[in-house]
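*Asks:* Here is how the chains run, residue by residue.
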Amino acid sequence: NAGVTQTPKFQVLKTGQSMTLQCAQDMNHNSMYWYRQDPGMGLRLIYYSASEGTTDKGEVPNGYNVSRLNKREFSLRLESAAPSQTSVYFCATQGLAGDEQYFGPGTRLTVT
Amino acid sequence: AQSVTQLGSHVSVSEGALVLLRCNYSSSVPPYLFWYVQYPNQGLQLLLKYTSAATLVKGINGFEAEFKKSETSFHLTKPSAHMSDAAEYFCAVSDGGTGGFKTIFGAGTRLFVKA
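Chains as they are written, first to last, in my numbering: chain B, 1 to 112; chain Y, 1001 to 1115.
Among these hints, one or two may not hold up.
[Claimed, not checked] Some chain B residues near chain Y, calculated using beta-carbon distances under 8 Å:
1) G42
2) L45
3) P61
4) G63
5) F90
6) E100
7) G104
[Said to hold, decoys possible] A short list of chain Y residues far from chain B (calculated; beta carbon distances all over 12 Å):
8) R1022
9) K1049
10) N1061
Honestly, the hints are just simulated from the structure, not real lab data. Every value quoted in this text rests on a predicted model; they were computed, and no experiment measured them. Every residue, glycine too, gets a C-beta built ideally from N, C-alpha and C.
Chain B with its partners taken away, still in its complex shape (with noise of 0.2 Å):
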C-alpha cells in the first residue's frame, strides 16, 4: 500500500523543455490535485480532478495542463517551461468531500 506516488523527485529543466509529472495512488479516492509551493506562499491549487473523466483549473492554471487518465492516475504536463514555473509540486488525494488529503513526497522542479 504505497498511498500517493509522485515520479521524478528531482528535476532540471532548461527554458522552452516539457516534462510530466507523474502522479499515481491506491487508496480509492475519487479526488485528486495538483498543487506547487513556493516560500511564503503556501499552496496553490493548479488543478483539480473531482472524479475520473473531469478536470478542473485551480488557482494558477497557466502554464500547466493536465490528465486524468484513470481513477488512479493523474498527470500535470509543462509545455513549454519557464523559470517562474521552479517550486515543488505536490499531488494530493481526497477520498470525500470535507475529508483530509493524503500528499505525495513531491518532486522539485528547477527551471533554468
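Chain Y: place on chain B using the hints.
*Replies:* Only chain Y this time, still in chain B's reference frame:
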C-alpha cells in the same frame, strides 16, 4: 470566498514551552478545518481536523486545536514543545464540496524549537 490567515511566518519556542500557532479563517458556510505538518523534504500530513463534531479537537503528537466560531479562529496548541516538533505547519479550510472540493491553505508557520 474562503480564506485562511496564519499569523506569524516563524515561531520560536524553547523545548518544554507552550506552542501556539494562530489561524483565522473565513468561510460562507460551516467549514471543515485542518492542520497539517510538513517535515523537511516531505509532503504534508494531517495533524488534526474539525468537522463540527466537537469544538476541541485532539490530534497526533499531543497537538490540539479549538474551533471558535465567534472569533473565526482555529489555533493550534501543544502544552510542551519537543525538538521533534520543529517543522512547518499549515492551516487549511474546506467548504466540504460546495466549492468543488477545494481546500485553501494558509501560507504556513515554521516552528523552531530551541534546546
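*Asks:* Work down the list of hints and note, for each, if the structure agrees.
*Replies:* Status of the hints after comparison with the structure:
no.: 1; hint: G42; result: 4 Å, holds
no.: 2; hint: L45; result: 6 Å, holds
no.: 3; hint: P61; result: 13 Å, violated
no.: 4; hint: G63; result: 20 Å, violated
no.: 5; hint: F90; result: 6 Å, holds
no.: 6; hint: E100; result: 4 Å, holds
no.: 7; hint: G104; result: 6 Å, holds
no.: 8; hint: R1022; result: 15 Å, holds
no.: 9; hint: K1049; result: 6 Å, violated
no.: 10; hint: N1061; result: 16 Å, holds
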